Amino acid sequence: MNKLIKNELFKIFKKKVIYILFIIISLVIVVNTAIGTSIYGGTIVDHTQEARKQKQVELMNQLKQIEPETNVDDYVEIKTELDMENLIMSYPYGSWQERVITKYENELKEILRQINMYTYKIENKEELAKIQNKYNTFLQPLKEDNWKSFVSKEITIIEQNIKDLEKEIVNTDDEEQKNIIKAQIQQYKFDLEILTLRLSENISYETSDRNTLLKEYEDNKQTLNAYPKDYGKYNYNEKLQYNKTLESVKELEYKIHNNIPTLETDNARDMLNSSFEFYEILIILVIIIIAGSIVSEEFNKGTIKLLLVKPFMRWKILLSKFLASVIILIILILFIIILQTLVGGFIYGFDTYKVPIIQYNFDMQKVQSINVFISVFILVLAKLPMYLLVLSITFAISTISCNTSISIILGMLVYLSKNIIYLNDNLEFTKYLLTTNWDFTRYLFGKLPEVSFLKFDFSIMICLISFIVIMFITFIYFKNKDIKNI
Amino acid sequence: MEKIVLNCRNLCKKIGKKDILKGISLEVRRGEIVGFIGPNGAGKTTTIKLILGLQKMTSGTVEINGYDIKKNFVEAIEKVGAIVESPDLYMYLSGYQNLKIVKECYKNITPNRIDEVVKIVGLSNRIKDKVAKYSLGMRQRLGIAQAILHKPNLLILDEPTNGLDPEGIIEIRNLLKKLAHEENIGILISSHNLSELENVCDKVCIIKNGKIIEETNIENLKKEIVEESYILEVNEAKKVKQILKEKCEIIDDEHIRIRVDKLNLPSITKELENNGILVYTVTKEEITLEEAFLRKIGGNNIE
Numbered sequence: 001m002n003k004l005i006k007n008e009l010f011k012i013f014k015k016k017v018i019y020i021l022f023i024i025i026s027l028v029i030v031v032n033t034a035i036g037t038s039i040y041g042g043t044i045v046d047h048t049q050e051a052r053k054q055k056q057v058e059l060m061n062q063l064k065q066i067e068p069e070t071n072v073d074d075y076v077e078i079k080t081e082l083d084m085e086n087l088i089m090s091y092p093y094g095s096w097q098e099r100v101i102t103k104y105e106n107e108l109k110e111i112l113r114q115i116n117m118y119t120y121k122i123e124n125k126e127e128l129a130k131i132q133n134k135y136n137t138f139l140q141p142l143k144e145d146n147w148k149s150f151v152s153k154e155i156t157i158i159e160q161n162i163k164d165l166e167k168e169i170v171n172t173d174d175e176e177q178k179n180i181i182k183a184q185i186q187q188y189k190f191d192l193e194i195l196t197l198r199l200s201e202n203i204s205y206e207t208s209d210r211n212t213l214l215k216e217y218e219d220n221k222q223t224l225n226a227y228p229k230d231y232g233k234y235n236y237n238e239k240l241q242y243n244k245t246l247e248s249v250k251e252l253e254y255k256i257h258n259n260i261p262t263l264e265t266d267n268a269r270d271m272l273n274s275s276f277e278f279y280e281i282l283i284i285l286v287i288i289i290i291a292g293s294i295v296s297e298e299f300n301k302g303t304i305k306l307l308l309v310k311p312f313m314r315w316k317i318l319l320s321k322f323l324a325s326v327i328i329l330i331i332l333i334l335f336i337i338i339l340q341t342l343v344g345g346f347i348y349g350f351d352t353y354k355v356p357i358i359q360y361n362f363d364m365q366k367v368q369s370i371n372v373f374i375s376v377f378i379l380v381l382a383k384l385p386m387y388l389l390v391l392s393i394t395f396a397i398s399t400i401s402c403n404t405s406i407s408i409i410l411g412m413l414v415y416l417s418k419n420i421i422y423l424n425d426n427l428e429f430t431k432y433l434l435t436t437n438w439d440f441t442r443y444l445f446g447k448l449p450e451v452s453f454l455k456f457d458f459s460i461m462i463c464l465i466s467f468i469v470i471m472f473i474t475f476i477y478f479k480n481k482d483i484k485n486i
Numbered sequence: 001m002e003k004i005v006l007n008c009r010n011l012c013k014k015i016g017k018k019d020i021l022k023g024i025s026l027e028v029r030r031g032e033i034v035g036f037i038g039p040n041g042a043g044k045t046t047t048i049k050l051i052l053g054l055q056k057m058t059s060g061t062v063e064i065n066g067y068d069i070k071k072n073f074v075e076a077i078e079k080v081g082a083i084v085e086s087p088d089l090y091m092y093l094s095g096y097q098n099l100k101i102v103k104e105c106y107k108n109i110t111p112n113r114i115d116e117v118v119k120i121v122g123l124s125n126r127i128k129d130k131v132a133k134y135s136l137g138m139r140q141r142l143g144i145a146q147a148i149l150h151k152p153n154l155l156i157l158d159e160p161t162n163g164l165d166p167e168g169i170i171e172i173r174n175l176l177k178k179l180a181h182e183e184n185i186g187i188l189i190s191s192h193n194l195s196e197l198e199n200v201c202d203k204v205c206i207i208k209n210g211k212i213i214e215e216t217n218i219e220n221l222k223k224e225i226v227e228e229s230y231i232l233e234v235n236e237a238k239k240v241k242q243i244l245k246e247k248c249e250i251i252d253d254e255h256i257r258i259r260v261d262k263l264n265l266p267s268i269t270k271e272l273e274n275n276g277i278l279v280y281t282v283t284k285e286e287i288t289l290e291e292a293f294l295r296k297i298g299g300n301n302i303e
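One line per chain: the protein sequences are A and B, in this order. So in my numbering, the last one in the first sequence is 486, and the numbering has no gaps at all. So in my numbering, the last one in the second sequence is 303, and the numbering has no gaps at all.
Keep in mind that the hints were calculated from the coordinates and are not lab data. Computed from a prediction, not measured in an experiment: that's the story for all the values here. Just so you know, even glycine gets a beta-carbon here, dropped at the ideal spot from N, CA and C. Check each hint, because a few of them may be wrong.
Below are the BS3-like pairs computed for lysine-lysine, each with C-alpha atoms no more than 25 Å apart in a straight line [unchecked claim]:
| id | chain 1 | residue 1 | chain 2 | residue 2 |
| --- | --- | --- | --- | --- |
| 1 | B | K177 | B | K79 |
| 2 | A | K3 | B | K22 |
| 3 | A | K484 | B | K71 |
| 4 | A | K316 | B | K22 |
| 5 | B | K79 | B | K119 |
| 6 | B | K56 | A | K301 |
| 7 | A | K479 | B | K79 |
| 8 | B | K70 | A | K481 |
| 9 | A | K481 | B | K241 |
| 10 | B | K119 | B | K103 |
| 11 | B | K17 | A | K484 |
| 12 | A | K11 | B | K14 |
| 13 | A | K6 | B | K130 |
| 14 | A | K479 | B | K270 |
| 15 | A | K301 | B | K103 |
| 16 | A | K14 | B | K130 |
| 17 | A | K221 | A | K103 |
| 18 | A | K221 | A | K189 |
| 19 | B | K270 | B | K241 |
| 20 | B | K100 | A | K15 |
| 21 | A | K143 | A | K163 |
| 22 | A | K11 | B | K103 |
| 23 | A | K484 | B | K22 |
| 24 | A | K15 | B | K241 |
Between beta-carbon pairs, the in silico distance windows are [to be verified]:
| id | chain 1 | residue 1 | chain 2 | residue 2 | range |
| --- | --- | --- | --- | --- | --- |
| 25 | B | P111 | A | E264 | 40 to 50 Å |
| 26 | A | E428 | B | K22 | 56 to 66 Å |
| 27 | A | L27 | B | K18 | 29 to 39 Å |
| 28 | A | E428 | B | K14 | 48 to 58 Å |
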């Protein structure tokens, strides 16, 4: 049996077509990796800075034209705007101070307006000193470049606010009013949580990957908190969306706590991890060509007679051919993984392979940190049923029709039919189709499949039954086949 | 008594409603070369495919070395070498690689057996070339090399001389004789050309329309089907016809052919002389085995 498989592989690797296919795949991998995603996006140019400078100049010109004596309201208004712009521009773009000022823009503007008002309109030294003091206190940590003390201050203020609101709630009788206050407290507590996280994880306001992560975390967490509490009453779509948000929150949380670096858009690791989305059609093409010709070609050339008068039972000869095709599939997958690893590594650097992939597991209800190679292995395992079924179907057509082109075309059609049948909750009968069940990546990490009627166990059953039926028919047919005269 | 290596009993094959084979029985012993002769479409290849298990028989049994092909396929086929229809070769491989593939299918073939076989069929110079570049004759030789690689004791060759030049045919004949007599192999050769096999076969089976119509050795066949005939040169052929009636046929005005025993010839010439016919010459007519064979099977009528 080993020798028969060896013979089959020997025959396949002596053909030129296999090398041509491998060369095409190599080229596609190299080109695809080199181009990356830059072709779709292009670099984003930030015009904020220039716009601000322009605004500053405009405001200055406007201010010159206004006489403070005659039109004091306008003067105060424009002056306030200009002071605000000057304040923002006094710190470099993207620094934590600039971010903070932008965040509290409305509050600061109000303070500046009051300062200007007390300076130009109603001269009131006492009030002016008070407000000036408030202004300086706010800006003090910024000047000292101490973001931590700034955050601490924020926390103190929020804590005070919460206390005030809690007092208020006791004094209020109106139920509606109570609920509003409760919601406010909730919001403050959430802000407090984020600020505490900022302090404990040492994430300043400065523009950085970690700050982006925190911002994303904040948004997603807020969405998640907004969901009603009773998960059991959700319909399927709500469940899907809830799970998606939950997944992001858990993963972002893990990334923040464990200091997982954020990778650039084009990086070797993600390209490797998604190679089986990119190159699936190529894998399918090669296995269809191999499985579609391995039996039928021997019939067409008459060489099947040579094999069938050798001292082996017919099923062994057919099995050796099937296994040889499976071995080619495995070689192909390994080839793609290795080549993508190397090409990606040379173009974007090998160090990203060390960065783990963060994945929330719904079954275990915890976040897993997975090495990219293990992740690829898991993906391959999840795709394997599909590859094997396409291979078996083509192999069966090849054996029964003895026609290489028909088997290749039909094999391709079977594969492509998965795109024709659009998954939809209203089409429940599609759950009996092989093509809707053979891709197991949708079940990975306990995820909910995109439609409610798909079930993991049921998919396994459909795939197994199809495989056994196809193989049974093929082997029985081959066993009883008369080798016709040419 | 030599051991029987191939024993076919009453092979029948029906495809649809048509009877392709109607009870073929034949035997091949060790060291014996059996010619399996018949016109195209007589069922030669089908018989061979049934023997090798390539097609299922409707009824009948095939035993090779005592093993039934249906029940003990692996044991039965183990010691058989065969070429069916034409040599089955992988064109994109070299001759050597083709032999290597066959070698992998059997246990206990020593590596130098390939070189040995290549030498036997005389392909040593071209064995590393791709089979696609081989001539038809070279492919036949390689096919024989494949068939004898594992030292079979039964060799089944379907039209092995197809596409060979006269010299090649002689070589193959000598090779087969050597294999049969020195290595004690039983050989079954099919052909539609009796004269090619005339000198090698110990026995011939003639098949026509799915039936064996004659199973005998070459000498008997010749004696039986080649009647003696004589050409007489006479002055008036028509008159002779009137005298001898059915015994003769007219070739032209002065020549007639008669089919009689040598012993009866004097009495016929005497009778002609008595009737005033002048007999100038009497010559014996030689007919080839081929002509005799064609007469025997009565032309090529595919049913």
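Going through the hints against the structure:
no. : hint                        : result
1   : B/K177 - B/K79              : holds, 19 Å
2   : A/K3 - B/K22                : violated, 39 Å
3   : A/K484 - B/K71              : holds, 22 Å
4   : A/K316 - B/K22              : violated, 32 Å
5   : B/K79 - B/K119              : holds, 21 Å
6   : B/K56 - A/K301              : holds, 21 Å
7   : A/K479 - B/K79              : holds, 21 Å
8   : B/K70 - A/K481              : holds, 14 Å
9   : A/K481 - B/K241             : violated, 60 Å
10  : B/K119 - B/K103             : holds, 16 Å
11  : B/K17 - A/K484              : holds, 16 Å
12  : A/K11 - B/K14               : violated, 36 Å
13  : A/K6 - B/K130               : holds, 20 Å
14  : A/K479 - B/K270             : violated, 72 Å
15  : A/K301 - B/K103             : holds, 20 Å
16  : A/K14 - B/K130              : holds, 11 Å
17  : A/K221 - A/K103             : holds, 19 Å
18  : A/K221 - A/K189             : holds, 13 Å
19  : B/K270 - B/K241             : holds, 15 Å
20  : B/K100 - A/K15              : holds, 16 Å
21  : A/K143 - A/K163             : violated, 30 Å
22  : A/K11 - B/K103              : holds, 14 Å
23  : A/K484 - B/K22              : holds, 18 Å
24  : A/K15 - B/K241              : violated, 72 Å
25  : B/P111 - A/E264: 40 to 50 Å : violated, 57 Å
26  : A/E428 - B/K22: 56 to 66 Å  : holds, 59 Å
27  : A/L27 - B/K18: 29 to 39 Å   : violated, 54 Å
28  : A/E428 - B/K14: 48 to 58 Å  : holds, 49 Å
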